[in-house]
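Guided by the hints, dock chain Z onto chain C, whose structure is given.
Given next are the chains, with one letter for each unit.
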Amino acid sequence: MSLMTNHTPQRLHADACELPQRQVPRHPADAPLSIHDMTVAYHRKPVLWDVDLDIPQGKLVGIVGPNGAGKSTLLKAALDLVPKVSGRVLVYGKPYKKQRRMVAYVPQRESVDWDFPVDALDVVTMGTYGRIGWCVPVFRKHRRAALEALERVGMADYAHRQISQLSGGQQQRVFLARALVQDAQLYLMDEPFAGVDAATERAIVTLLHDLRAAGRTVLVVHHDLQTVREYFDQLILLNMRVVAHGPTDEVFTDANLHATYGGRLTLLSEAAEALAQQERP
Amino acid sequence: MNAALLTLAALPGWSAVVDALLLKEHNTRVVVLGVTCLGLAAGVAGTFLLLRKRSLTADALAHATLPGVALGFIVMVLAGGSGKSMPGLLVGAFVFGLLGMGWLMAIRRTTRLKDDAALGIVLSVTFGLGMALVKIAETTPGGSAAGLDRFIVGRAASMLEAEAIWLPVAAVVVTLVALLLFKELKLLCFDGAYGATQGWPTGLLDALLMGLVLAVTVIGLQSVGMLLVVALLIVPAAAARFWTQRLGVMVVVAGVIGMVSGYLGAIASALFANAPTGPIIVLLCSVMFGVSLVFGARRGVVVRVARHVRLARRIGRQHLLRALYEMHEGTDGVGHVSRSRLMRARSWSAGQLRRLMVRLVREGLIRRAADGSAALTEQGRVAARRYVRNHRLWEMYLIEHADIAPSHVDRDADAIEHVLGDAMIERLEQLLAQRFPQMALPASPHPIDFVDARETRPADVR
Numbered sequence: 001m002s003l004m005t006n007h008t009p010q011r012l013h014a015d016a017c018e019l020p021q022r023q024v025p026r027h028p029a030d031a032p033l034s035i036h037d038m039t040v041a042y043h044r045k046p047v048l049w050d051v052d053l054d055i056p057q058g059k060l061v062g063i064v065g066p067n068g069a070g071k072s073t074l075l076k077a078a079l080d081l082v083p084k085v086s087g088r089v090l091v092y093g094k095p096y097k098k099q100r101r102m103v104a105y106v107p108q109r110e111s112v113d114w115d116f117p118v119d120a121l122d123v124v125t126m127g128t129y130g131r132i133g134w135c136v137p138v139f140r141k142h143r144r145a146a147l148e149a150l151e152r153v154g155m156a157d158y159a160h161r162q163i164s165q166l167s168g169g170q171q172q173r174v175f176l177a178r179a180l181v182q183d184a185q186l187y188l189m190d191e192p193f194a195g196v197d198a199a200t201e202r203a204i205v206t207l208l209h210d211l212r213a214a215g216r217t218v219l220v221v222h223h224d225l226q227t228v229r230e231y232f233d234q235l236i237l238l239n240m241r242v243v244a245h246g247p248t249d250e251v252f253t254d255a256n257l258h259a260t261y262g263g264r265l266t267l268l269s270e271a272a273e274a275l276a277q278q279e280r281p
Numbered sequence: 282m283n284a285a286l287l288t289l290a291a292l293p294g295w296s297a298v299v300d301a302l303l304l305k306e307h308n309t310r311v312v313v314l315g316v317t318c319l320g321l322a323a324g325v326a327g328t329f330l331l332l333r334k335r336s337l338t339a340d341a342l343a344h345a346t347l348p349g350v351a352l353g354f355i356v357m358v359l360a361g362g363s364g365k366s367m368p369g370l371l372v373g374a375f376v377f378g379l380l381g382m383g384w385l386m387a388i389r390r391t392t393r394l395k396d397d398a399a400l401g402i403v404l405s406v407t408f409g410l411g412m413a414l415v416k417i418a419e420t421t422p423g424g425s426a427a428g429l430d431r432f433i434v435g436r437a438a439s440m441l442e443a444e445a446i447w448l449p450v451a452a453v454v455v456t457l458v459a460l461l462l463f464k465e466l467k468l469l470c471f472d473g474a475y476g477a478t479q480g481w482p483t484g485l486l487d488a489l490l491m492g493l494v495l496a497v498t499v500i501g502l503q504s505v506g507m508l509l510v511v512a513l514l515i516v517p518a519a520a521a522r523f524w525t526q527r528l529g530v531m532v533v534v535a536g537v538i539g540m541v542s543g544y545l546g547a548i549a550s551a552l553f554a555n556a557p558t559g560p561i562i563v564l565l566c567s568v569m570f571g572v573s574l575v576f577g578a579r580r581g582v583v584v585r586v587a588r589h590v591r592l593a594r595r596i597g598r599q600h601l602l603r604a605l606y607e608m609h610e611g612t613d614g615v616g617h618v619s620r621s622r623l624m625r626a627r628s629w630s631a632g633q634l635r636r637l638m639v640r641l642v643r644e645g646l647i648r649r650a651a652d653g654s655a656a657l658t659e660q661g662r663v664a665a666r667r668y669v670r671n672h673r674l675w676e677m678y679l680i681e682h683a684d685i686a687p688s689h690v691d692r693d694a695d696a697i698e699h700v701l702g703d704a705m706i707e708r709l710e711q712l713l714a715q716r717f718p719q720m721a722l723p724a725s726p727h728p729i730d731f732v733d734a735r736e737t738r739p740a741d742v743r
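Listed in order, the protein sequences are those of chains C and Z.
Quick note: the first sequence, position 181, residue 181 per this note's numbering, numbers continuous.
Quick note: the second sequence, position 168, residue 449 per this note's numbering, numbers continuous.
Heads up, none of these hints are tricks.
Dumping the calculated BS3-like pairs for lysine-lysine here, alpha-carbon to alpha-carbon at most 25 Å:
#1 Z:Lys464 / C:Lys97
#2 Z:Lys464 / C:Lys141
#3 C:Lys45 / Z:Lys395
#4 C:Lys94 / C:Lys59
#5 C:Lys84 / C:Lys97
#6 Z:Lys464 / C:Lys98
#7 Z:Lys395 / C:Lys84
#8 C:Lys98 / C:Lys84
If you are wondering where the hints come from, they were derived from the structure by calculation, not from laboratory data.
So here's chain C without its partners, still in its complex pose (with noise of 0.2 Å):
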């Protein structure tokens, strides 16, 4: 027993080192987003090791990676929503406190309370306050600039609805509406798939090829492996370092899950190979 326990972190250790993708890293000027040596400790405890990433232009980027990987840690700490023990955050080539325009964040479904007073419009509004500034009120334009966003994730009809009565995909959706109305040009996305219906999640994938499609950059947390290949041209395999990172065909391989999932998956990913055989012609 104590063999197999002291094994397993070595065979991890092995396995991330014989990755390409850890090679010196190149850091271009321009990348939408770029982490260098961030490391990440909740109580001394750490929870993102030596994190460096280059987010390029234009691309649709999967974080995937097991329970307390680090995941939404690694979005909040690029958005300096808790506090790093070391490293720096460029978005396009300068300190991210400086580029808050350029970047939208759509948070976990769960970190607010959906019984608060107000309507979608009102939240989906509340993406436009960076622009207004202080004290002033909210104006009809920005209200308009809100209901166009919330048209674009199907939710128009919705607008005046009390956000408590929304179901959880329409609430999702709203939260992707405060983040369009932003118009940012990159966008970090926490588990935006996290159980919502099979409608939201197409509304989802629609729009994240548009965002595409309009040259942005998004960074999503994903947690379901099936879609992976489907979603993103680009994986970040993490679990508490980056474990692989690269387009997602390449990234994508039984090798990369397993030093992600550490063995964990073993009987999922066999499973999968069963499957993906069978479905072979």
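Showing chain Z alone in chain C's frame:
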């Protein structure tokens, strides 16, 4: 006996009550104005406090002001003054409120104590310190006459005009600042982290909100008292939540409830010179909270129960009409169905069925015979046919598009057909249009299993 007589004797006469309500006396007028404005400010700031889920933090802050008052008094006496200067006392209260806030934040940041423990520590320790300092202050020359205890439960009538005159001004300023920051506080309370990504300084906004709350506390120290000022912050806001789903309206309603409580509480204090104002105001607030809880237009108990009853009635009515229709379907008659057979069609109690039938007779949808059996009228037949059609359209949809087995479809359709709107029916019709021409009644996709329906079973072999 004696006590009762005394109470009666102490009751003010009608003319005194009217005088007070109409603010005839100058001193009363100033005090009432001050406490009313305080209620407004507390309602407005309290709304954001409630939505930020910091109610108990405000309570701890209020307790932390007491040592400030006592220490202010002692310092002023030591400096050779009388110690009764109101601005001095309130500055002390404000400073100690800030210190309490700082201490609370320090505990949260540096230890792993949970929030409730941190609040408990700050609240009880500062209050204990305050009480000790008040005792010390009372031993100073003139200290016992200073009446520092009025800061604990409040005594509006004890305020002098010169002291009270700036209170309404301060309260109005607090209200205006809260309204000016309406958008910012809304964002902070709903989703502060998201706000931070837009560059809003959430720490500063939090500090501003707590600053407003502390200002309300200090303004209310003399009239409501530190023990109960938190109620004036929270209760009107909580009551307002029952009336609306919109933040803007909630702020207004909470402000109004606060104002009314403050107005009536201050007048009561003027009438009974020795009555502590804090408890009176809090009781008035609670009455309005109770009324809101029961009668609130949006989430009150009455509205919720009424909504439930209405839905139950609508469902029962549709079930009864459908049962009457289907029992005679295929015989194209509108014959009578006996009570016992209807009873078995659904799990109705005798009383429920009777009430349903009485209502449908009144609407002219069914006829009742003397033996208790019922039949559809022509009008009822049209309505029943529509319900049956909706039900079956939905069943077809479930079978064809949701892969639900025909044997289960009846129950699933039952749950949903009552909430189908016209728009949804239209979409169902479009979906199923090829198979069912406009307004035709499709046959039931499953056998209809009334207990003795065999002889009237619809011709589903048609």
